[in-house]
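Use these hints to put chain B onto chain A, whose structure you have.
Residues per chain, in single letters:
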Amino acid sequence: MTIRLPLACLALSCAAIGGAYASSFLPGGAPVWAAWGVALGGAGALASMMALGATRRGRVRPIALGVSALTFVVVAGAFGAALLLPPEAPDAPLLLGLPVRAALVLYGVGIVPLLFLPLAYALSFDADTLDAGDLERVRRAARESAAAANPAATPELPRATESAP
Amino acid sequence: MTHWLLLQSATPPAIRQPAVIVVALLYFAAVAAIGVWASRRTRNARDFFVAGQGIGIVTLAIAAMASTLSGFAFVGGPGLVYSAGTGAVFIVLSASITNTMGAWVLARRLRLLGEARGLITVPDAIGARYRSPAAQGLSAIAILVAVVGYMATNFLALGLVIDAMFGTGLTLGIWIAMLVTLSYTAAGGILAGVYTDLFEGVVKTVASVTVFYFVLQVGGGLDGISRAITAVDAAFLGPWGKMPVLTALSLFFVFGLGALGQPHVAHKFYMLRDPRQLKWYPLLMSAAMGLTLLLYVGVGLVMRAKVASGALPPLVRADDATPAFVLGFTPGAVAGLVFAGVLAAGMSTVNSFMNIGAAAVTHDLPRALGRRVGDELRWGRAWTVVLSVAAVLLAQMPGAVVAFLGIFGFGLFASTLVPSLAIGLNWTGATREGAIASIATGLVLTLALESLAFLKVFSLPAGVTISGLSLILSILVFFGVSWLTRARAAAQLDDDVRVVMEV
Numbered sequence: 398m399t400i401r402l403p404l405a406c407l408a409l410s411c412a413a414i415g416g417a418y419a420s421s422f423l424p425g426g427a428p429v430w431a432a433w434g435v436a437l438g439g440a441g442a443l444a445s446m447m448a449l450g451a452t453r454r455g456r457v458r459p460i461a462l463g464v465s466a467l468t469f470v471v472v473a474g475a476f477g478a479a480l481l482l483p484p485e486a487p488d489a490p491l492l493l494g495l496p497v498r499a500a501l502v503l504y505g506v507g508i509v510p511l512l513f514l515p516l517a518y519a520l521s522f523d524a525d526t527l528d529a530g531d532l533e534r535v536r537r538a539a540r541e542s543a544a545a546a547n548p549a550a551t552p553e554l555p556r557a558t559e560s561a562p
Numbered sequence: 022m023t024h025w026l027l028l029q030s031a032t033p034p035a036i037r038q039p040a041v042i043v044v045a046l047l048y049f050a051a052v053a054a055i056g057v058w059a060s061r062r063t064r065n066a067r068d069f070f071v072a073g074q075g076i077g078i079v080t081l082a083i084a085a086m087a088s089t090l091s092g093f094a095f096v097g098g099p100g101l102v103y104s105a106g107t108g109a110v111f112i113v114l115s116a117s118i119t120n121t122m123g124a125w126v127l128a129r130r131l132r133l134l135g136e137a138r139g140l141i142t143v144p145d146a147i148g149a150r151y152r153s154p155a156a157q158g159l160s161a162i163a164i165l166v167a168v169v170g171y172m173a174t175n176f177l178a179l180g181l182v183i184d185a186m187f188g189t190g191l192t193l194g195i196w197i198a199m200l201v202t203l204s205y206t207a208a209g210g211i212l213a214g215v216y217t218d219l220f221e222g223v224v225k226t227v228a229s230v231t232v233f234y235f236v237l238q239v240g241g242g243l244d245g246i247s248r249a250i251t252a253v254d255a256a257f258l259g260p261w262g263k264m265p266v267l268t269a270l271s272l273f274f275v276f277g278l279g280a281l282g283q284p285h286v287a288h289k290f291y292m293l294r295d296p297r298q299l300k301w302y303p304l305l306m307s308a309a310m311g312l313t314l315l316l317y318v319g320v321g322l323v324m325r326a327k328v329a330s331g332a333l334p335p336l337v338r339a340d341d342a343t344p345a346f347v348l349g350f351t352p353g354a355v356a357g358l359v360f361a362g363v364l365a366a367g368m369s370t371v372n373s374f375m376n377i378g379a380a381a382v383t384h385d386l387p388r389a390l391g392r393r394v395g396d397e398l399r400w401g402r403a404w405t406v407v408l409s410v411a412a413v414l415l416a417q418m419p420g421a422v423v424a425f426l427g428i429f430g431f432g433l434f435a436s437t438l439v440p441s442l443a444i445g446l447n448w449t450g451a452t453r454e455g456a457i458a459s460i461a462t463g464l465v466l467t468l469a470l471e472s473l474a475f476l477k478v479f480s481l482p483a484g485v486t487i488s489g490l491s492l493i494l495s496i497l498v499f500f501g502v503s504w505l506t507r508a509r510a511a512a513q514l515d516d517d518v519r520v521v522m523e524v
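Chains as they are written, first to last, in my numbering: chain A, 398 to 562; chain B, 22 to 524.
The following block holds chain A by itself, in its conformation from the complex (with noise of 0.2 Å):
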């Protein structure tokens, strides 16, 4: 999957923000419509964003695409869920010790992705984000621009990395 799908995504959800934003200025007041559009719009917007940054030589990694994919899911349903349902009524059993409508925004979007967006980065980590490879290949780039910006001088790094403890 190249880089095209998160950046279009991307504008996507700014501009379904922006049409949302700009709805809100019409004599009436934003339409039902408004709230869908900054609900799936700040969700995609941040599950586009992290597929952006997980490229690689302009190539989205599959795990990156598909724990994007799945960030999305569930801030959008979550956001969904809570439009959609109805209001609950005072004596409604609780979920997790909140109303329902509640329980599945807060948790939803704000335990849930915490469940499996930290450990799938460190999972995926070595073979998908940065290798020694990579560090080398950095550090091999820094030293040629230097030497062509200033053949006279030593090509030297600003300072070396150290390995970790």
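Rather than coming from a laboratory, the hints here were simulated on the basis of the structure.
Hints should not be assumed to be uniformly reliable.
Residues from chain B that face chain A, not an exhaustive set, calculated with beta carbons under 7 Å [stated by the list, open to error]: (1) T121; (2) W125; (3) R129; (4) L133; (5) E136; (6) A137; (7) D244; (8) L258; (9) L267; (10) R297; (11) F475; (12) L490; (13) V498; (14) E523; (15) V524.
Ideal Cβ placement from N, Cα and C applies to all residues, glycine included.
Using the frame of chain A, we list chain B on its own:
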């Protein structure tokens, strides 16, 4: 929207209990000791601005959390939850995503760019990415404007808390807050800042977890708190609380995407000793932030439950939620820990701003003008003092002016840095023209709209925030101008920067 971010704007109730004062004094002593230790290890500009690029991942994560969560997380935030219910949580709701997102979008590229180019500031990265002193200078101006306002607001808040604890009077309280923070920041630079942030982050986390335990005890668990509130006001615990739906969702978007444009957090990625340790950054940062935000959510809810059940009279001011809870329902030592946490929160945020503000004046603006400052360490210290004094003088202006200075910081950072830095570092098709246009759009729009709103010339419709509008427009301008000038994109990338963007 952003006026909610003010830490504290009115004097909290007097909190002159012996245990509180002892814990606060111990806290000041610990901060001073760290400052002395760090100042002995600060020998050059790299030590001063990027901690000699020698800190580990645990320190980085906790320091980043400490400087992300200002005193708002302990005072203003719980007050907002007390008054607006669930809707107030949307400010921090995206924290479940932003730490991993920041690691993917910014951490690796900034750290590698620092490796390749020896960069020390966020505007440095923008200048290197686009090979553009103008973009570097413009972003430095945006940072400088926001930093001074933020510092003034935080000094005012710290002064109010110190006055409430020690009875110093507000003016002296503000000066004490500034002098304590300045003493270790000017002497030890960001090295002192990072290690005091580490200490302050631990204080905040312990305080938050401890208070949350008392919240559950006092409220009869989350079930008891919810039942007490919904019996009187079901909408308070609706999905959006007392806020309009559009406002709550806008907060999620602005604070979610805007988190990528906060220079005091992004700057810390340069300091990491080994870039491969970034593997654990989201896990550590998310854990630290999640625990520290328990107080934010818990205190406002339990105080509302107590008022709803008739056990307490309504609070005179929402910002009194935290002082009233810890003084009324926790032992003195815990109250002391919480107020030390409030001081810690303010100082850890301010010291980061002092450092990046000084770097903007000493390092970025001269480079944007094609000049270099001879002794960046000496001038960095001098400008830290100048900016701090300027912020303290601003903090003593009428409250509404200080509030105005503080309200646009987050939005200004977001609208000027998210497109040019966060998107630009990951998209080789972005152009210098797009970056400059988006930074200028964010800067002008945020300042103009906030000023007009402050002067009551106009107000936006409910649910539309100035920060959100500026952020959306600056991103769309960035995409639009980059597309129009796309033929120049490839020629504006240096080879080493291209490698950093490809790995």
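How the hints compare with the structure:
For the restraint placing T121 (chain B) at the interface with chain A, the shortest Cβ-Cβ distance is roughly 4 Å, inside the 7 Å limit, so the hint holds. Below 7 Å, beta-carbon pairs count as interface contacts, and W125 (chain B) has one with chain A at about 3 Å; its hint therefore holds. Checking R129 (chain B) against chain A by beta carbon gives a least distance of about 6 Å; that is within 7 Å, so the hint holds. Among the interface hints, the one on L133 (chain B) holds; its C-beta lies about 5 Å from the nearest C-beta in chain A, closer than the 7 Å criterion.
The restraint placing E136 (chain B) at the interface with chain A holds, with a minimum CB-CB distance near 6 Å, inside the 7 Å limit. At a threshold of 7 Å, the smallest CB-CB gap from A137 (chain B) to chain A is about 4 Å, leaving the interface hint in force. Given the 7 Å rule on beta carbons, the hint for D244 (chain B) holds: about 5 Å separates it from the nearest Cβ of chain A. Below 7 Å, beta-carbon pairs count as interface contacts, and L258 (chain B) has one with chain A at about 5 Å; its hint therefore holds.
Interface restraint check for L267 (chain B): the shortest CB-CB distance to chain A comes to about 6 Å, inside 7 Å, so the restraint holds. Annotation: interface hint on R297 (chain B) holds; nearest CB of chain A at approximately 6 Å, less than 7 Å. The closest approach between the C-beta of F475 (chain B) and any C-beta of chain A is roughly 20 Å, which is over the 7 Å cut-off, so the hint fails. Given hint, L490 (chain B) at the interface with chain A, holds; its Cβ is 6 Å from that chain's nearest Cβ, closer than 7 Å.
A hinted interface residue such as V498 (chain B) counts as satisfied when its beta carbon comes closer than 7 Å to some beta carbon of chain A; here the least separation is about 11 Å, so the hint is violated. Look at E523 (chain B): its Cβ gets to within about 5 Å of chain A, closer than 7 Å, so that hint holds up. For the restraint placing V524 (chain B) at the interface with chain A, the shortest Cβ-Cβ distance is roughly 4 Å, inside the 7 Å limit, so the hint holds.
In summary, the structure is inconsistent with hints 11, 13 from the numbered list given earlier, while agreeing with the others.
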